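Construct the entire structure; sequences and hints are all you get.
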Amino acid sequence: GELAKREAHFVVSRGEDLYLKMLLVDNLMHADLHPGNILLRTPANSGSLSLALIDAGMVARLTQRESDAFIGFLNAMGAGSGAAAAKCVLRFSDDQTCKGKAAAEFTAQMHALFRECCRGFGTGIQFGQVLRGVLNLIREHGVSVDANYMTLVTNVLVLEGMAGTLLPDYNVLDAAQPLLTAHRRLPGPVFRAALPVVASLKRAADRLFLMTHRGG
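Residue numbering for the sequence shown follows the working numbering, starting at 2 and increasing by one per position.
Check before you lean on any hint, since a few could be wrong.
Stated by the list, open to error - Pairwise CB distance ranges (calculated):
id	residue 1	residue 2	range
1	Lys6	Gln65	35 to 43 Å
2	Arg204	Thr98	16 to 24 Å
3	Leu209	Arg62	30 to 38 Å
Unchecked claim - List time: in silico DSS-like cross-link candidates among lysine-lysine, alpha-carbon distance up to 25 Å:
id	residue 1	residue 2
4	Lys203	Lys22
5	Lys88	Lys102
6	Lys88	Lys100
7	Lys6	Lys203
8	Lys100	Lys22
Rather than coming from a laboratory, the hints here were simulated on the basis of the structure.
Bear in mind that the values here come from a model prediction, so they are computed numbers and not experimental data.
Note that CB positions come from ideal geometry on N, CA and C, so glycine has one too.
Here's what the structure looks like:
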C-alpha cells in the first residue's frame with residue numbers, strides 16, 4: 002500500500018543522504034540502485050525507521066576525476082550555469098569524441114537549456130526534466146560518457162523518480178545544497194570532519210519540510 006507521509010519522507014530524504022555519502026565521501030556507487038534494492042525497515046518494537054541498500058554485489062568504484070566531474074556537474078546545476086555544466090559533462094569520458102566546434106555547439110545548447118529551466122538552487126528546478134534534457138543534448142552532439150557516469154546519472158534519476166512519486170514537493174537538488182556547498186568550499190579532510198555537522202543541517206531542513214507539508 003501507499004507509504005504514510007513520514008515513511009515516504011524518510012525514504013526520499015535518507016535515500017538522498019546515502020547517495021550523497023557514496024558520491025562525496027566513499028567514492029563508490031551502488032551499480033544497481035532501484036526501488037527494489039532499497040529496503041525500509043520498520044521495527045515493531047521501535048518507532049525508529051532505517052533504510053538499507055541490498056544486492057550490493059555490483060559496485061562502481063569512482064576515481065577522483067570521476068567524482069570531481071560529476072560533483073562539479075551537480076554544483077553547476079545549483080549555480081544555474083550551463084557553460085560550467087557542459088565543461089563537466091565533456092569530462093565524462095577519458096576519450097572524449099566531442100571536441101572543437103561540436104563541443105562549442107554542445108556548450109551553447111547547454112547554456113540555452115539552463116537559461117530556460119535550470120536557474121540554480123532555490124528556483125524550483127525540476128531535476129529530472131533538466132537531466133533528461135542534458136541527456137538529449139549528449140545524444141544529439143555525440144558526447145562520449147563512460148560507464149561509471151551513466152551509473153551516477155541512472156541512480157540520481159531513480160532518486161528523483163522516487164521523490165516525484167512519494168514526495169512530489171521535495172526538491173532533491175535544493176535538499177542537497179548544504180552538503181554540495183560544504184564539499185565545494187572545504188578541503189577534503191575538513192569536509193569529512195565537518196560532515197556530521199553539515200548532515201545535521203540537512204536533516205534539520207528535512208524535518209522542517211516534513212512539518213510544513215504534513216497536510217500534503
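Q.
Checking each numbered hint in turn, tell me which of them this model violates, lowest number first.
A. 2, 8
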